[in-house]
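Asks: Listed here are the chains, written in short residue letters.
Number of protein chains: 2
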Amino acid sequence: MPKRENISMSVIRRLPRYYRFLSELKDSGVVRISSRELSQKMGLTASQIRQDLNCFGGFGQQGYGYIVEQLQLEIGNILGLSSSYRSILIGAGNLGRAVATHMSFEARGFTLCAIFDKNPALIGENIRGITIQSITELEHFCKDCKIDMAVLCVPQDSVAELADRIYSLGIKNYWNFSHFDLASKFPDVVVENVHLSDSLMTLCYRITNSQSSI
Amino acid sequence: MPKRENISMSVIRRLPRYYRFLSELKDSGVVRISSRELSQKMGLTASQIRQDLNCFGGFGQQGYGYIVEQLQLEIGNILGLSSSYRSILIGAGNLGRAVATHMSFEARGFTLCAIFDKNPALIGENIRGITIQSITELEHFCKDCKIDMAVLCVPQDSVAELADRIYSLGIKNYWNFSHFDLASKFPDVVVENVHLSDSLMTLCYRITNSQSSI
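Going down the list, the sequences are from chains H and S.
Per the working numbering, the very first residue in the first sequence carries number 23; after that it's consecutive.
Per the working numbering, the very first residue in the second sequence carries number 23; after that it's consecutive.
I should point out that these hints are in silico values taken from the structure, not numbers from a laboratory.
Worth double-checking, as some hints may not be accurate.
When chains are identical, the list treats them as one kind, so a pair holds in a single copy or across two.
[Unchecked claim] List of simulated lysine to any residue pairs, SDA-like, C-alpha gap at most 20 Å:
1) Lys194 - Met31
2) Lys63 - Val53
3) Lys140 - Asn116
4) Lys168 - Ser57
All chains should be built: construct the whole structure from the sequences, respecting the hints.
Replies: Written out as structure tokens, the structure is:
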């Protein structure tokens with residue numbers, strides 16, 4: 023397997039899509055698929071798929087295609103989905119609740135260990151078996167329990183101060199729904215930003231310019 | 023201004039990011055910025071920025087840079103943000119609530135006109151001044167009021183049947199949080215899919231492979 027150092031983010035960002043499509047194929051009972059068929063389903067070229075997978079050593083056989091379950095497993099391994107990175111979620115408003123409730127953390131390489139909020143009315147409430155704790159408990163909780171990743175679902179005006187606290191606890195990985203540029207403040211962190219408004223603006227562009235391609 | 027027919031989705035997807043960065047610069051009082059400074063802030067190359075903007079006619083002046091407010095306005099116009107596309111949101115669970123509450127639809131080219139759910143317990147409730155209606159009212163509502171876009175925040179098992187209903191009402195644009203491949207069922211629609219789990223899996227990859235670049 024080649025080193026994974028110089029793989030572009032565009033390739034990396036396609037991996038979850040491959041994983042998702044392969045999981046759907048597997049669930050619908052497809053055992054084997056050619057790179058041509060897979061490419062048609064995904065709106066990519068067959069050569070793009072081959073190039074992407076070659077970054078990780080290449081899979082499948084010329085003229086035979088891919089074994090769906092095997093390729094899904096391999097891509098899951100590349101993504102690290104069997105990890106159990108310990109994560110906490112901060113901000114149990116609608117967005118935090120939606121994320122905590124709908125996301126299969128466990129199937130995506132994470133365990134959700136705790137949920138924090140500063141609103142006293144929410145503390146003690148239960149979301150999928152996890153009791154919401156006061157944000158004042160953050161340091162205490164993280165002292166006992168090494169945390170790998172924090173999900174930030176707090177409003178923009180709370181996030182700057184909070185980010186300092188979390189960072190000083192040694193947490194270096196973030197799934198960031200708050201509009202705050204963590205990476206420029208802390209250059210050594212790994213941040214995956216979710217900007218829903220970018221997606222809505224892209225849709226606006228596509229409607230305005232009637233572009234139906236994905 | 024050149025035609026906007028063959029602009030790649032990668033360029034289009036960067037436009038909201040430009041808009042976002044420029045809005046932040048404007049809010050912090052920056053009047054003018056060189057393409058080099060802007061590129062450093064955004065983690066792109068200056069030549070990439072010039073190339074992207076050239077797709078829309080080019081802005082800024084060699085050696086002078088960009089007037090922040092002017093460029094932000096121009097990109098807003100390209101995105102169509104001053105439109106008021108009439109939209110409805112379907113599914114008022116946590117995710118739908120989060121989207122309805124947190125998103126500035128109006129600043130992104132849309133007006134949120136109605137919210138629907140099938141859960142009788144939610145009907146009549148108010149989210150940012152909009153009363154949740156029963157999904158049985160959908161056809162009636164859309165007969166009186168031309169709708170341009172539907173936001174889908176319903177669980178996967180409800181979406182297939184619902185999609186048929188919405189499509190038959192003539193709605194051809196979707197902001198889709200439901201895991202259902204609308205575009206392959208209805209090839210003439212414009213769909214912007216939000217796959218939060220792809221983002222979480224990308225984070226898992228980056229932690230596993232300790233890649234901190236964006």
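Asks: Please go over all the hints and tell whether each is borne out by the structure.
Replies: Results of checking the hints against the structure:
For the homomeric pair lysine 194 and methionine 31, the shortest alpha-carbon distance inside one copy (19 Å) is at most 20 Å, but the shortest distance between copies (31 Å) is not. When the C-alpha separation of lysine 63 and valine 53 is checked against a cutoff of 20 Å, the pair qualifies only within one copy, where the shortest distance is 15 Å, while the shortest distance between copies is 46 Å. Taking the shortest Cα distances, lysine 140 and asparagine 116 sit within 20 Å of each other both inside one copy (14 Å) and across copies (19 Å). Taking the closest pair of Cα atoms, lysine 168 and serine 57 never come within 20 Å of each other, the shortest separation being 42 Å inside a single copy and 42 Å across copies.
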